[in-house]
Amino acid sequence: MTPISRRSLLKSAGIGAAGIGLGAGGYLAGQESAEASSDGTGSVPFYGEHQAGIDTPAQDRLFFAAFDLQTESAAALRELMREWTRAAAEMSAGELIGDVNDVELAPPDDTGETVGLLPSNLTIGFGFGPSLFERRGLGLASERPAALKQIPALPADELNELESGGDICVQACSDDPQVAFHAIRNLARIGRGTVAMRWSQLGFGRTSTTSRSQDTPRNLMGFKDGTANIKAEDTAAMDRYVWIGDEGPAWMRGGTYLVSRRIRMLLEVWDRSSLEDQEQTIGRAKYSGAPLGGDDEFEPLDFAKTQSSGLPAIPVDAHVRLASAQANEGERILRRGYSFTDGVDESLGELEAGLFFIAFQRDPEKQFVAIQRRLGADDALNEYIKHVGSAVFAVPPGARRGGYVGETLLG
Amino acid sequence: MNRPPLRVALTALAVGLLALFVAACGSSEDAPAGAKKMSFKLTDAGCDPHDAKAPAGPIDFEVENDGSSKVTEMEVLDGETILGEKENLSEGLSGSFSLTLEEGEYVLRCNGGDEEDGTLTVSGKLQADNSPEVEAAVAQYRKYLEKNTDELVTETKPFVAAVVAGDVAAAKAAYPAARIPYERIEPVAESFGDLDPRIDARENDVPASEFEGFHRIEKALWEEGTARGMAPVAKQLEADVEELAQKVKTVDLQAVQIANGANELLGEVSASKITGEEERYSHIDLVDFEANVEGAEAAFDAVEPLLAKKDPKLAKEIEADFEKVYATLAPYRRGDGFVGYEELTKADTRKLAQSIDALAEKLSQVPAQIVS
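Residue numbers (my numbering), protein chains in the order written: chain A, 312 to 722; chain B, 148 to 519.
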């Protein structure tokens, strides 16, 4: 019997390979160069020095999940990471996972909803939460990085325990929502019995650019978001702010730390505030994205500039001022967040929507926590947002072909 | 009961989706070794051919909708028991299912056709190629099945007597003991057409006029606080469980059916016990939960020797996962029963559901292992 594959089905459905550019070998398994095409045919290599989905261009859709370990066995964790790595590499290459997809009496290994869909730049990344290192049976306590601490309580937090934390996280990003969903669903299935999903978040639109090749998207407040973000092309900034270097531990070299925050936006309140209020709150012009007092989206933020009234052009409590490197001892973070909605708030009848914030950095305490402490205390934006979920994960370096993600820690 | 009912006519392999895949790949699916292929067309008139003959043994039914908008499914029945079917074949679609049939007359039904029912005449002897291990597995499960239907009859009697006597307290007390044996073997009961809905339908599963059986009485006792008007329902229930006990004595069982039955029982737990839907008035859902798991375990035990030959590691893992499920359930035990469903927190039900999911994921691999 001919093995079932996503590609063969696609071809037989009459989509000629050359017709949509598959001829370039865009998503052959094992391709080590990215095809950044956004028409669905592009794929991002799974294996490499760093895990995919950090410095690779931000895709349009996210499905993020946090899992709790159901075992205290290090061998079981190792086996899980091996199986997850294998499946993640297959899915990233646009292939069905597993070997058993056509045995009549057996449930197929792959759940099947991506059959006929393109790779859509799927990236899958894994991280380890602080609670994982506290599970005694695993014997990992001595390997815990000093920088991997629970995010402390911060001003303006209203965290829900069930939307926070987790032993392991998986970030799946893709330009096709069904491809991202399929990734998490299948990894959860593979892990059943070893891990259980603690919480998950679907994101429907990227709110950051991570590459100069991308336009700046708007968040749900209608403002351009991520203008001043670190861009992957700026490798010096990536090395300085994102990738773990000599500071160790050795198993984290080439990795980074992921902080996620589920930020609920009070959109009904925001929508009632005047354009001027909105712009003063953010510190940028709503439509052009230019800093207040400036003309161009990408011009540097000039915090010394004053209006004719003598007041600063960018107010002292504006979001961009408090979040800027200048206000934070030069610290920056790589943001890669997504807009979300989960329907209607049961108790208020209002839109349950906002920003699922994701940031990558070398030291969460010095970077995210320090910045958020400042923002939580004084940011004018606090009137319109609530931080309801929080988590931090150590993201190990990428896997080499034949190895697995987490091998530097568990191997 | 399930909604829609999953039937235990488990020799029917749901290969429709696979057939689509394979067609798209441009290759062809090999039929089970030695299976006879029979082709049927769905037409407005009914099945074409309307009647057919076949030798006893494995048969592949290949069904194609030849442009009928009103007939979209074909069933093969033994009396009123559906053995296999292919549904949702709209115009231009085709699908297939497989059955192993012994000598006899079966109904070929194309629902909605001008002449719905035709006859499939099967002749000759079914070759018994079952190994002693398979025979032993079937015999072991058959014993369990009959023990539980006997227990169902025995335990239903005092329940019915209390309902007929109008003794609400005694009826409530007798209810869980009658539910347990039924929940252990439910997939088999579901293979007998309308017997399962008569015994075990929940409100809204069936038209209001047909709402009877255990759950109609449950509703009267717990919600209405009376057994008034329930005597005829109770007597019918008693007759129905006796009919079930008779019918299972002659039911044809295959090892794969038994393994699939275990999966269905866990599917029941996930779909209606862990959600509190099954026993929505008495809230004894955890009693049913345990009975479903016990039934699945008994089915697994019967086929485990077959599995252990193929994949001893999987067999051990499943054994361990059953223990984990019981351990997860243990804190909720109170005396002979369990805490009521309404006392469970979301964290409780999540833990229970996850332990079932972990077990069921592995158990679902068993049927393919024991046939190949």
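It is worth saying that the hints were derived from the structure and are not from the lab. Being a predicted model, the structure only gives us computed values, none of them experimental. It is possible that part of the hints are untrue.
[Stated by the list, open to error] Away from chain A, derived, C-beta distances all over 10 Å, residues of chain B: (1) LYS183; (2) SER216; (3) LEU342; (4) GLU424; (5) ASP504; (6) SER511.
[Said to hold, decoys possible] Distance ranges between label pairs, derived from CB positions: (7) GLU472/A to LYS457/B: 38 to 46 Å; (8) THR652/A to ASN235/B: 27 to 35 Å; (9) PHE609/A to ALA467/B: 55 to 63 Å.
For glycine and all other residues, C-beta sits at the position ideal for the given N, C-alpha and C.
Is it true that the C-beta distance of PHE609/A to ALA467/B lies inside 55 to 63 Å, as the hint says? About 59 Å separates the Cβ atoms of PHE609/A and ALA467/B, which means 55 to 63 Å holds.
Does LEU342/B sit more than 10 Å from chain A, CB to CB? holds (26 Å)
Find the nearest Cβ of chain A to the Cβ of SER216/B and say whether that gap is larger than 10 Å. Fine: 25 Å to the nearest Cβ keeps SER216/B off the interface.
Would you check whether the claim that ASP504/B is not at the interface survives, using Cβ distances to chain A and the 10 Å cut-off? Violated, because the least Cβ-Cβ distance between ASP504/B and chain A comes to about 5 Å, which does not exceed 10 Å.
For LYS183/B, is the shortest beta carbon distance to chain A beyond 10 Å? holds (17 Å)
Could you say whether the range 38 to 46 Å given as a hint is met by the Cβ separation of GLU472/A and LYS457/B? holds (44 Å)
When you look at the beta carbon of SER511/B, is every beta carbon of chain A farther off than 10 Å? violated (5 Å)
If you check the beta carbons of THR652/A and ASN235/B, does the distance land in 27 to 35 Å? holds (33 Å)
Are all beta-carbon distances from GLU424/B to chain A longer than 10 Å? Holds, because the least Cβ-Cβ distance between GLU424/B and chain A comes to about 21 Å, which exceeds 10 Å.
Against the hints set out earlier in the document, violations occur for numbers 5, 6.
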